[in-house]
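K.L.:
Dock chain B against chain A, hints included.
What follows is the residue order along each chain.
There are 2 protein chains.
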Amino acid sequence: MGGVVEFAIRQSVHALVDRDEAAAQDVLRSEARINQMEIEIDDFAVRLLARHQPMAKDLRFLTAAIKINNDLERMGDLAVNIVERALSLIRQPPVKPLIDIPQMSKLVDSMVRNCLDAFVKRDGQMARGVLLSDDAVDDLRDAIYEELVGFMKRDPTTISRSLDLIFVARNLERIADHATNIAEDVLFLAQGIDVRHHAESR
Amino acid sequence: MGGVVEFAIRQSVHALVDRDEAAAQDVLRSEARINQMEIEIDDFAVRLLARHQPMAKDLRFLTAAIKINNDLERMGDLAVNIVERALSLIRQPPVKPLIDIPQMSKLVDSMVRNCLDAFVKRDGQMARGVLLSDDAVDDLRDAIYEELVGFMKRDPTTISRSLDLIFVARNLERIADHATNIAEDVLFLAQGIDVRHHAESR
Chain A
6 MGGVVEFAIR QSVHALVDRD EAAAQDVLRS EARINQMEIE IDDFAVRLLA RHQPMAKDLR
66 FLTAAIKINN DLERMGDLAV NIVERALSLI RQPPVKPLID IPQMSKLVDS MVRNCLDAFV
126 KRDGQMARGV LLSDDAVDDL RDAIYEELVG FMKRDPTTIS RSLDLIFVAR NLERIADHAT
186 NIAEDVLFLA QGIDVRHHAE SR
Chain B
6 MGGVVEFAIR QSVHALVDRD EAAAQDVLRS EARINQMEIE IDDFAVRLLA RHQPMAKDLR
66 FLTAAIKINN DLERMGDLAV NIVERALSLI RQPPVKPLID IPQMSKLVDS MVRNCLDAFV
126 KRDGQMARGV LLSDDAVDDL RDAIYEELVG FMKRDPTTIS RSLDLIFVAR NLERIADHAT
186 NIAEDVLFLA QGIDVRHHAE SR
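Top to bottom, those sequences are chains A and B.
Position one of the first sequence corresponds to residue 6 (the numbering used here), numbered consecutively onward.
Position one of the second sequence corresponds to residue 6 (the numbering used here), numbered consecutively onward.
Excised from the complex, chain A in its bound form:
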């Protein structure tokens, strides 16, 4: 499921940046598959809980899996949101060369890949790296916002397209937030450390 979601996120930005409608269709097709996997994984995890009544480490693993499954499904939805904006944008002239969004997307891709790798390997160190990237993503989102508001003010004909790009950046940021949630669950799983809501002490 992680692989399909990673692919959907990458293809959604590729559709936008390279004006590739086929890539956009890939993402729309992946949604049904992601939704189906979410239900199956959830049912399977709850069945395991019921049948095997796991203790301590195994129980913690299963409750983490239930949460991560939910995060992944929402990341898939956010990739679909990006593609909806992309499909509108690729039918219009570009507002500006896209530089910040690809840069932001590269960072988000690596967060998604690393939080999933960290989960598979129960690697707390790698999970911690994901938490550290979150601030950089927020900074890029703010820079993109400010730049596009500038475009809108100078040239009101760019308003709708600029708004679409602002929402793409916002969706990427929300994907990064879900990767952060997953990394927090992995840290708890790997090291028994609860880092939720203590961003200040990271």
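Bear in mind the hints are in silico, worked out from the structure with no lab data behind them.
Zero decoy hints are in this set.
Identical chains share a label here; the pair holds if one copy fits it or two copies do between them.
In silico BS3-like cross-links for lysine-lysine, where the CA-CA straight-line distance does not exceed 30 Å:
id, residue 1, residue 2
1, LYS101, LYS111
2, LYS158, LYS101
3, LYS72, LYS126
4, LYS111, LYS158
5, LYS72, LYS62
6, LYS126, LYS111
7, LYS62, LYS126
All figures in this text were calculated on a predicted structure; none of them were measured in a lab.
P.N.:
Same frame as chain A, now just chain B:
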């Protein structure tokens, strides 16, 4: 926890509509309390899973509680997002009289209250009502978006303020999405019906 989150959502829109900075501070103060409750409830639910190894209905209740707890915490975050926009907006002249946002907020408030009541009473009928409101919220969000884009195009000096209002509507919509998630969990709990990702058959 539901009560505190409901209060935060209501106060966030009240802060915006009535330009009430004290209400905004209420919401900012509630965030730490919501975060703390999320951790306590989550720990408690996992402890119950481990100690009592519940079967069938009780297990389903606990896994639903873990998810709902997570949804409530995110709804609290979204109320904080609204307040951040409100604090910026109440220091500037209004773009327009706020009519649609209070209307949307009233609908969202009732969804939040009803999904929580439905959970407490395990009332599938009430949960189904929440699902039915979600489309009306999306329609209001789209109407607000279109109207504000119109303002931005006609008068570029309103761009920043209009964007803030667009994000308020977006945050309200996301709160409604979380209420919908909770209602889906309640339906599953009350009637064993899995309605996720089958909006078309509602």
